[in-house]
Structure formats: structure tokens, C-alpha cells
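Make one complex out of these two single chains by using the hints.
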Amino acid sequence: MISLMVLLIGLLTAIACAIPGSYLVLRRMSMMSDAISHSVLPGIIIAFLIVLDRSSPLIIIGAALSGLLMVYLTELISRSKLVKTDASIGLVFPGLFSIGVILISMQMSSVHFHEHSVLVGDITLSALNNLVIDGVDYGPKSFYILGSVILINLLFIIIFFKELNLTTFDPQLSEVLGFKNLTLHYLFMTIVSITAVASFDAAGSILVIALFIVPAATAHLFTRTVINMIIWAIIFAIISSISGFYLSIYFDAAVSGGIAVMCGVVFLITLTLVKLKAIRA
Amino acid sequence: MNSHQVTVNNLPAVEINDLTVAYNEKPVLWDIDLSIPQGVIMGIAGPNGAGKSTLIKSILKLVKPIAGKIKILGEDYDKVRKRIAYVPQRSAVDWDFPATVFDVVMMGTYGQLGWFRRPGKIQKALAFDAIQRVGMEEYADRQISQLSGGQQQRTFIARALVQNADVFLLDEPFAGIDAKTEKSIMQIFRELKGEGKTIIAVHHELITLSDYFDMITVLNIKIYASGKVEDVYKKEIIYEAYGGHFNFSQNESILD
Ligand SMILES: Nc1ncnc2c1ncn2[C@@H]1O[C@H](COP(=O)(O)OP(=O)(O)O)[C@@H](O)[C@H]1O
Ligand SMILES: [Mg+2]
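Going down the list, the sequences are from chains D and U.
Mapping to my numbering: the first sequence position 166 is 236, numbers consecutive.
Mapping to my numbering: the second sequence position 200 is 206, numbers consecutive.
The set of hints was computed from the structure by calculation and includes no laboratory data.
A couple of the hints might just be wrong.
[Said to hold, decoys possible] Output of the computed footprint for chain U on chain D, the stretches with three or more beta carbons under 8 angstroms from beta carbons of chain U:
1. 223-233
2. 247-255
3. 315-322
[Stated by the list, open to error] Keeping only pairs whose Cα atoms sit at most 25 angstroms apart, straight-line, the calculated SDA-like set for lysine to any residue is:
4. U/Lys77 / D/Asn251
5. D/Lys345 / U/Ser154
6. U/Lys85 / D/Gln242
7. U/Lys189 / U/Ser97
8. D/Lys154 / U/Ala98
9. D/Lys250 / U/Gln95
10. D/Lys347 / U/Asp147
11. D/Lys154 / U/Ala28
12. U/Lys88 / D/Lys154
13. U/Lys88 / D/Gln242
14. U/Lys77 / U/Asn170
15. U/Lys77 / D/Gln242
16. D/Lys250 / D/Ile228
17. U/Lys228 / U/Ile76
18. U/Lys186 / U/Lys228
19. D/Lys250 / U/Asn170
20. U/Lys88 / D/Phe249
21. D/Lys232 / U/Asp217
22. U/Lys130 / U/Asp100
23. D/Lys232 / U/Asp84
24. D/Lys250 / U/Lys228
25. D/Lys232 / U/Lys127
26. U/Lys130 / D/Thr295
27. D/Lys250 / U/Ile76
28. D/Lys154 / U/Trp101
29. U/Lys130 / D/Arg294
30. U/Lys199 / U/Asp102
31. D/Lys232 / U/Leu153
32. D/Lys250 / U/Val173
33. U/Lys186 / U/Arg96
[Unchecked claim] Among the chain U residues that face chain D by a calculated CB cut under 10 angstroms, a handful are:
34. Asn30
35. Leu66
36. Ser151
We put the beta carbon where it would ideally sit given N, CA and C, even for glycine.
Chain U with its partners taken away, still in its complex shape (with noise of 0.2 angstroms):
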């Protein structure tokens, strides 16, 4: 391996430098600083509310911050959009679109495609693959609102996959889904993982938090603390960020 490459492998993911975020003058992220390295499954947790979501977006250049900067693979989001995969939250679309589980996740190409170029053989060949890899191909030619929960989710996480991408940001990817699915999406993670790419996902169950991820940030509107699991997934902390609307009689156990 030559110095070239490895100093590419040694850029942060993800690098956040006092970044601020208000929808109509009220601040939800407030000088947020964060370092998400290559090659980790990081969990962005925090309560309802928390601006999880919007840090997403910032990272994706869907809503402007006030101020702060974003690199992503130490460049700008434009630079290297071909890189990062977006899965968003499954309740931002509407699932009555007429389409089919192979026509959304054909949608995962468009980017590679561009303006007017219409998708032909590869990447029909790469939405089957990924299609097979989240165990949908039973269902690639059944319309999107005939799918469960879980389907329409492994139907979003298989338009990410044809992306190719090195970085993955999904919101919320488990919220809503039966265990298996849950299940399959972790093992996908962790193949991801194991190919060098970096996966980041919003989750807010705090029972499967540390079973998950590698790291944690736990965010509500600035963040608390952001690390290594054992580093960070304490009583604490978890307590401080969620203030009173975490239930600790119920999850004390867990958290010790």
C-alpha cells in the first residue's frame, strides 16, 4: 500500500466543526463538534426532538446551517456525493407511489446515471443484486404499499446498496420493523463494515444501542458525549441527555 492511500484511509468519515442549525430562528443543533472515523457503525441516539435528523440533513446539504463546517472523506459534500448513500426516514415518503420494490430500488442508480441517461442492463443487474442481498427477491415485482414494515425498509436499505457508496447515513433505520429484519439489516451492516465502509444511523431505543453500534453519539441539541460504546453508553450521560423523558426504572439494569 502506498502513503497516498493510506492517508486517505486515515480521514474522518464524517468531520463536524461548530456547526449550528435553526429552523426559524430556534436553534435544534448548537455548536455541534464531532469526528466520526472510517470504518465504524456509529449510532446518532438521542430523545425525540433532539435534531438527529436535521444533523443528517446538514451532512447532506439538505438544510443550511447558520454556521459551521461539514467535510465528508475530508471534502466537501459536493465533491464527493457519489460516495454517500442516504437512506431516509421510511414515514418521509409516500408509500401509495405506483411503484414496485424493483422500481424504488432502481432509484439507488439514478445518481451514477445523472441527468436524462435512463438505466439499462447494469444497473437493472445491480438492483437484482442488491435486491437478493437484503432477501427481497420474492417480493421485486410487488407495489410498495403491498409491503410490510420491514419490507419497505429492506427495500429502502437495497436502493442504498446499489449506490456503492462508502459512507451510509440512514434515518432511523429500525424504527418500525420485526426482529428479523432487524436482524438482516444488522448483518448487512456488519459486512458493510468488514469492506471498510462507514455506516451511520439515527436510533433511538436505548435497549439495543450498545448490542448495535461500535460508537455512539448521544445528541440533544448539542452533544453529550461521543465515543466508543464503553466510553460513552453510561447512566450518566444517557440520563443527562434525556432528561426526564427517559423512563430509568424500566432500563436502569441495562445501562449498569
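In isolation and in its complexed conformation, chain D is listed as follows (with noise of 0.2 angstroms):
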């Protein structure tokens, strides 16, 4: 049971993170994405000293600001052009991380945060974490989290679908057409870090970007259309996650390690395929 659960959150945590990384792979925005995912650690941390929930949604919310917070502080940096822009992320994430790592080791080294499951995630615990209201269970609270998230994050793609594929595309043109582009960059950011916090328990860190990145760009190898990417890589998210559970229990390593792995094994193959010119879409 406790499997299916963990089987389950894999899924959907690889599902949002699959649909804002197509946009972040077009924009090729990697970097920021890992930025982001490092940076919304003191935002956790923090929301959770005050409200002492893993879980509650405020967390998020702190999560997301602090994520914002690296984003912001990029672009103020790299506005100076005192330095590049992938130089002022590099400047900026490491400096919140610490901040989040400093934060666990000081105040709950044995609470609820292990430096070792904030780097790679600790799906298990989320799997028993459970909603409960006037005693009736309603399964793990991830569920509903992430759920609210993937709808959250496909709401956001299908409003803002003309204007992401124009900016994207065409920056100039997007601002010359009367189109906000900045606006839209942090609307976009906000998306990616709420999905980063989602995404904490299931894949730690380091691993998200894993999530972001790879189905989007195995999907970008053979797709000829926004909407036909943002399909396929949500498809690959799922056989990802999936497999990459199995893999896990087989060796009796952390999840999200075996879903990492399964995207690039993944990616690797559709590799192949395309440049044995196999399949097209």
C-alpha cells in the first residue's frame, strides 16, 4: 500500500515538474531552474518554523517567495552587467542554499529535515504523511498538493499559451506587439519554484531539475509542435517514473535517484531513435 503511494507521488511530482520544463528547456533556462529549485530551501525551512507543518500550504507559499526572492536578486545583479546572467544565478542560489542548510543543521538536525533527504527527497515520508480531518483518512496530503499544482501549472499553459510561444520564440517581437515579457518571465518563475516546492519531498534538491529538464528535452528531440512537446513530455515523465520506481526497489535506492535515472535512460533511447530517423511528431 505504502508503495503505491510512493509509486503514485513519483508520478505526479514527475507530471508538474514535466509541464513548466518544456517552456524552461525553449527558453533554455536550466541553470534558473536549479537555481530555483537550491534557492526555495530557506523559503521551507523558514515557513516551517513558523507553522511547524510539513505539509501546510503555507510552506509553499514561503517556498515560492524565497524562489522568487533568487530571481529577482539574478536580475538586479545581472541588470548591472557587472556580470553574466548564468554568473549573478550562480552567485545568488548558492548563498540561499547555504542559508536553508545552515538553517537544518542549527535548528533540527534529528526534526524532520535530513541534509541527506533535502538533497535527493525523501518520498517515503510524504507517502505517510497523511490528510486526516474528524478522523477520516484521505490518503497523503502530497496527493492533493500536487494535484493542485499540476492543475495550477496546466491552467497557467493553456491562458498564457499565445503569449509563452511568442515570447519564447520572438522576445523582440513579444515586446514590440505590446506584449510584457517581464511580467510574464516572473509569472513563469513563480510557476517553476511553486512546482520545485511541490516537487521537495518526492526529489530533494538536486534532483528536480532532472524532472524539469529531461522529458521536456527527449521530447524536444523529435516534436514538431509546442503542444505535441508539453504531450510527450509528460508521457515520458510517466514511463520515467514509473520504471524508475521499479529500478529503485530492485537495487533498494532512494526513488528519486531511479527516476533520474530512468529519464536519461530515456532520453538516451529516444537519442537513438531520431538519429536512426525512427520517429517524428
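Laid out in C-alpha cells, this is it:
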């Protein structure tokens, strides 16, 4: 039963990440997504210290705020033209991440957060944390959080589909036609931050990036339209998370590790097929 | 024709006064004064790094000048946005983006649609017309990464045509394309001019400069000359603006 829950949490996490992942790949922002998934940590810890409930929605808000803080600081530094964008990302996120790690080691070395689970996630823990109202058990809270995030991500992409495509493909024309690239950028970064937090339990800071980038990059190898790319990214996320779950059981390893490995395997297989000109979508 | 329309038609398409632009405190455009009348095909010439793209981007408010005023059709850019079409340098976008020719041409309708509104039948019909006009109907469903340089450029031109603008700003539309595409783009420019539209195109190929344009602006940080081809297309002017970067032995006869 627990292992079915773990499987489902992994699956929902992978789907949630694959949706914004497609635009992260197209906008060449994998570095930024990595930075965000690290920077949400201090927000998670500080919000946890306030509400003392690891699955409270307030944690998501706190974490999304620290992810956005990182995007904003990066923007400030690279605007100064003193360093390039990727360098300013590199300046900001290790700072925020280390604040998070220091908070953990000071406050609660044996409580809810372990440095290890911060890095690679602890999916089993969240599979055990059920939503109980008036004595009725409604299953793991993660289901509801991840389900909401998937819904928000889908809505975001449906509502802003035309604007996202325009500003991603041709940002200059987008500005010229009167759209606000910066507004869209921050909205999108909010979506990425929320997704990074919701995925934290299942994947931790380091492996979230695999879920964001690899299924979408795999889909990008052969798809001809953005819609197809998103659909295929979700399909690859599903395949990788299910097979990754069984792989991790077989090797008795962290589930997130198994999923990340399978994301890579699926990528390599697809790449080979594309090189052999076997698929096109 | 009433008097009001006449005054509107006499306004310059673009009027620039005392424009200075710098990146990181290094000036790339210096005290530019330029007036481009409506209904002409104007070429902006100058060597690499002369600030041609920057000039176009300043007109479109994509870069912020240090000083100067720019009016388009007598108005501030924001007021006449919908009457202006822009074709960026082909290399400015990622051609691996998953989209078909049709998808990209549709983007030209987004300005009229604004936020949230989806393109419908009308927009699709406009896009098909424009694709036909540039002779790309066979390729409408083709992925943009599978196009030749000339086909990519025609896709961009079609996207601009969809905007149904009065002023067209194009950055190097003739760079890296085949002779057939070059001819068909020129044909479209002439048709647009016939409809009273204004074409402003960056062009650094000196050999074809005088064939393609009725007016030329020679730019290299400052403006060396601007006006009718016969007045501007002169050896001294080109030589001065291009400095040592221009190989005269090859082009001398053309300029005489
Ligand atoms: N975003 C930018 N930041 C800093 N310098 C730039 C930027 N864009 C262009 N430049 C510099 O400004 C000068 C003019 O560039 P540009 O307008 O692209 O010239 P052209 O289009 O005539 O080749 C060049 O020296 C170029 O290196
Ligand atoms: Mg240029």
C-alpha cells in the first residue's frame, strides 16, 4: 500500500515538473530552474519554523517567495551588467541554499529535515503523511498538493499559451507587439518555484532539475509543435517515474535516483531512435 | 480628399531628433537626425557594428536612448504600435523552436489580439493569405527548423504582412538568402510601396544597394548622408563611412 503511494507521488511529481519543463527547455533556462530548486530551501525551512507543519500550504508560499527572491536578485545583478546572467545565478543561489542548510543543521538536525533528504528527497516520508479530517483518512497530503500544482500548471499554460510561445520564440517581437515579457517571466518563475517546492519531498533539490529538464528535452528531440512537446514530455515523465520506481526497489535505492536514471535512459533511447530517423511527431 | 487626410499623409513615417544611444556608456549612435518620408523604400547602410540594428531597435523602443526624440507617423511609438511591423534579424530567434511556418506567421496577428484572446478564423485566413503572398503555401505545415535561409526569411516577411502595418522595419532581410527569394522579397516591397506603405530595411551589401532602394541612409555611429539614392550613393560618402573596412578595388566601378 505504502509503495503504491510512493509510486503515485513519484508519478504526480514527474508530471507536475514536465509541464513547465517544456518552456524551461525552450527558453534555455535549465540553470535557472536548478537555482530555483535550491533557493526554495530557506523559504521551506523558515515557513516550517513558523507553522511547524511540513505539509502546510504556507510552506509552498514561503518557498515560492524565496525562489522568486532568487530570480529577482539574479535580475538585479545581471542588470548591473557587471556579470553575465548565468554568473549572477551562480552568485545568488548557493547563498540562499547554504542559508537553508545552515538553518537545518542549527535548528533541527534530528527533526523533520535531513541534509540528505534535502538533496535527494524522501518520498516515503511524504507517503506516510496523510490528510486526516475528523478522523477520516483521505490519503497522503502530497496527492492534494501535487494534484493542485498540476492543475495550476496546466491552467497557466492554457491561459498564456499564445503569449508564452511568442515571448519564447521571439522576445523582441513580443515587446514590439505590446506584451510584457518581464511580467510573463515572473509569472512563469512563480510557477516554477511552486512546482519545485511541491516536488521537494519526492525529488529533493538536486534531482528536481532532472524532472524539469530531461523529459522535456527528450520530447524536444522530435516534436514539431509546442503542444506535442508538452504531451510527449508528460508521457516520458510517466514512463520514467514508473520504471524508475521499480528500478529503485530492485536496487534498494532512493526512488528519486531511480526516476532520474530512467529519465536519462529514456532520453538516450529516444536520441538513438531520432538519429535513426525512426520517430517524428 | 479632405484637408485632414492630406496633412496626415505629409507626416514623415519616422522622424528622429538628436538621438544618442549607448551600451555600457560606449556610444553606438551619436546625435542622429533623420527624417524618412512615407511611401518610400529606405535602405540603412553601414559597416558591421555601425549601429544599424540599434537604430531600428530605438525606433521600436526596444533599447532606451540616452537622449533624443523619435516620432512615428507623427506620434509616440506606443500610440501607433499596431501600424508598425518588425522583422528582426533572422539569427535573433531560435529556429529549433517547435513550430510550423503557419504557427510563426500566426504570431503576426497577436498584436491586434492583445492578451488572452485566441486567434480564430479571421486570423487563420490572414495568415494563409500572407503565406501565399510570399509563395510558401507548400511549406505551411513544415517545421521551421527544416527551412532554408530564404524560406525562413519569407516566413518572417509573411508574419510582418499579417500585421497589416503602414510602416515596415526590417533588419537585414536579404542576408544569407537565395537569389529567387531576394527577387520575390523585392517584388513584395514594391507592391507595398504601391499601396503607400513605408519600407525601412537594414542592408549592408553595397552592390545591390542602389538597385533595391529609393532612398539610402549611410550610418556609422553618426549619419554620413541620407536622401535619394542618386544623391547619397557616392564614392566619397561610402568610403568615409566604411573607412578601411570597404574593399574598393572590387566595388569601385559600381560606385562611379
Ligand atoms: N546589447 C548590447 N550590449 C552591448 N553592446 C551592444 C549590444 N548590442 C550591440 N552592441 C554593440 O553596439 C554596436 C552597434 O551594434 P549594432 O546596432 O548591432 O550594429 P549593426 O547592426 O550595424 O551591425 C556594436 O559595437 C555592438 O557590439
Ligand atoms: Mg545588425
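A quick look at each hint next to the structure:
Three residues within the 8 angstroms Cβ limit are the bar, and the stretch 223-233 of chain D against chain U gives 3, so the coverage statement holds. Counting residues of the stretch 247-255 of chain D whose C-beta lies closer than 8 angstroms to any C-beta of chain U gives 3; at least three are required, and the coverage claim holds. For the stretch 315-322 of chain D, the stated coverage by chain U is violated: 0 residues have a C-beta nearer than 8 angstroms to a C-beta of that chain, whereas at least 3 were required. This hinted pair checks out: lysine 77 of chain U and asparagine 251 of chain D have alpha carbons roughly 24 angstroms apart, not beyond 25 angstroms.
For the proposed pair lysine 345 of chain D and serine 154 of chain U, the alpha carbon gap of about 21 angstroms is at most 25 angstroms, so the pair holds. A C-alpha spacing of about 18 angstroms is found between lysine 85 of chain U and glutamine 242 of chain D, which places the hinted pair at or below 25 angstroms, so the restraint holds. The suggested pairing of lysine 189 of chain U with serine 97 of chain U holds, with an alpha-carbon distance near 21 angstroms, which does not exceed 25 angstroms. Distance restraint check for lysine 154 of chain D and alanine 98 of chain U: the Cα-Cα separation of roughly 19 angstroms lies within the 25 angstroms cut-off, and the hinted pair is therefore satisfied.
Our distance criterion of 25 angstroms between C-alpha atoms is met by lysine 250 of chain D and glutamine 95 of chain U, whose separation comes to about 21 angstroms. For the given pair, lysine 347 of chain D sits about 19 angstroms from aspartate 147 of chain U by alpha-carbon distance, which is consistent with the 25 angstroms threshold. For the hint pairing lysine 154 of chain D with alanine 28 of chain U, the CA-to-CA distance comes to about 18 angstroms; that is within 25 angstroms, so the pair holds. In summary, the hint linking lysine 88 of chain U to lysine 154 of chain D is not supported, as the alpha carbons are separated by about 34 angstroms, beyond the 25 angstroms threshold.
Simply put, lysine 88 of chain U and glutamine 242 of chain D have alpha-carbon atoms about 15 angstroms apart, close enough for the 25 angstroms limit, and the pair holds. For the given pair, lysine 77 of chain U sits about 20 angstroms from asparagine 170 of chain U by alpha-carbon distance, which is consistent with the 25 angstroms threshold. Pair hint lysine 77 of chain U plus glutamine 242 of chain D holds up; C-alpha atoms about 20 angstroms apart against a cutoff of 25 angstroms. Distance hint between lysine 250 of chain D and isoleucine 228 of chain D is fulfilled; the C-alpha atoms sit about 18 angstroms from each other, no more than 25 angstroms.
For the suggested pair lysine 228 of chain U and isoleucine 76 of chain U, the alpha carbons sit about 16 angstroms apart, so the restraint of at most 25 angstroms is met. Distance hint between lysine 186 of chain U and lysine 228 of chain U is unfulfilled; the C-alpha atoms sit about 34 angstroms from each other, more than 25 angstroms. Note on lysine 250 of chain D and asparagine 170 of chain U: the hinted pairing holds, with a Cα-Cα distance of about 22 angstroms set against a maximum of 25 angstroms. At roughly 12 angstroms between alpha-carbon atoms, lysine 88 of chain U and phenylalanine 249 of chain D fall within 25 angstroms of each other, so this suggested pair holds.
For the proposed pair lysine 232 of chain D and aspartate 217 of chain U, the alpha carbon gap of about 39 angstroms is over 25 angstroms, so the pair is violated. Restraint check: the Cα-Cα separation between lysine 130 of chain U and aspartate 100 of chain U comes to about 23 angstroms, which is no more than 25 angstroms; the hinted pair holds. The hinted pair formed by lysine 232 of chain D and aspartate 84 of chain U meets the criterion: a straight-line CA distance of about 21 angstroms does not exceed 25 angstroms. Taken as a hint, the lysine 250 of chain D and lysine 228 of chain U pair is broken in the structure, with Cα atoms around 31 angstroms apart against an allowance of 25 angstroms.
A C-alpha spacing of about 16 angstroms is found between lysine 232 of chain D and lysine 127 of chain U, which places the hinted pair at or below 25 angstroms, so the restraint holds. Distance hint between lysine 130 of chain U and threonine 295 of chain D is fulfilled; the C-alpha atoms sit about 17 angstroms from each other, no more than 25 angstroms. About 21 angstroms separates the Cα atoms of lysine 250 of chain D and isoleucine 76 of chain U, which keeps this hinted pair within 25 angstroms; it holds. Our distance criterion of 25 angstroms between C-alpha atoms is met by lysine 154 of chain D and tryptophan 101 of chain U, whose separation comes to about 24 angstroms.
With a CA separation close to 19 angstroms, the supplied pair lysine 130 of chain U and arginine 294 of chain D stays within the 25 angstroms bound. Restraint check for lysine 199 of chain U and aspartate 102 of chain U: the C-alpha separation of about 33 angstroms exceeds 25 angstroms, so the hint is violated. A distance of roughly 23 angstroms separates the Cα atoms of lysine 232 of chain D and leucine 153 of chain U; the hinted pair therefore holds under the 25 angstroms criterion. A threshold of 25 angstroms between alpha carbons decides the hint, and for lysine 250 of chain D with valine 173 of chain U the separation of about 22 angstroms falls inside it, so the pair holds.
Of the supplied pair hints, the one linking lysine 186 of chain U and arginine 96 of chain U holds, its CA atoms being roughly 17 angstroms apart against a limit of 25 angstroms. Checking asparagine 30 of chain U against chain D: minimum C-beta separation of about 6 angstroms stays under 10 angstroms; hint holds. With 10 angstroms as the threshold, the beta carbon of leucine 66 of chain U comes within range of chain D, its nearest partner Cβ sitting at about 5 angstroms, so the hint holds. The criterion of a C-beta within 10 angstroms of any C-beta in chain D is met by serine 151 of chain U, whose closest approach is roughly 9 angstroms, and the hint holds.
Hints 3, 12, 18, 21, 24, 30 from the earlier list are contradicted by this structure; the remaining hints agree with it.
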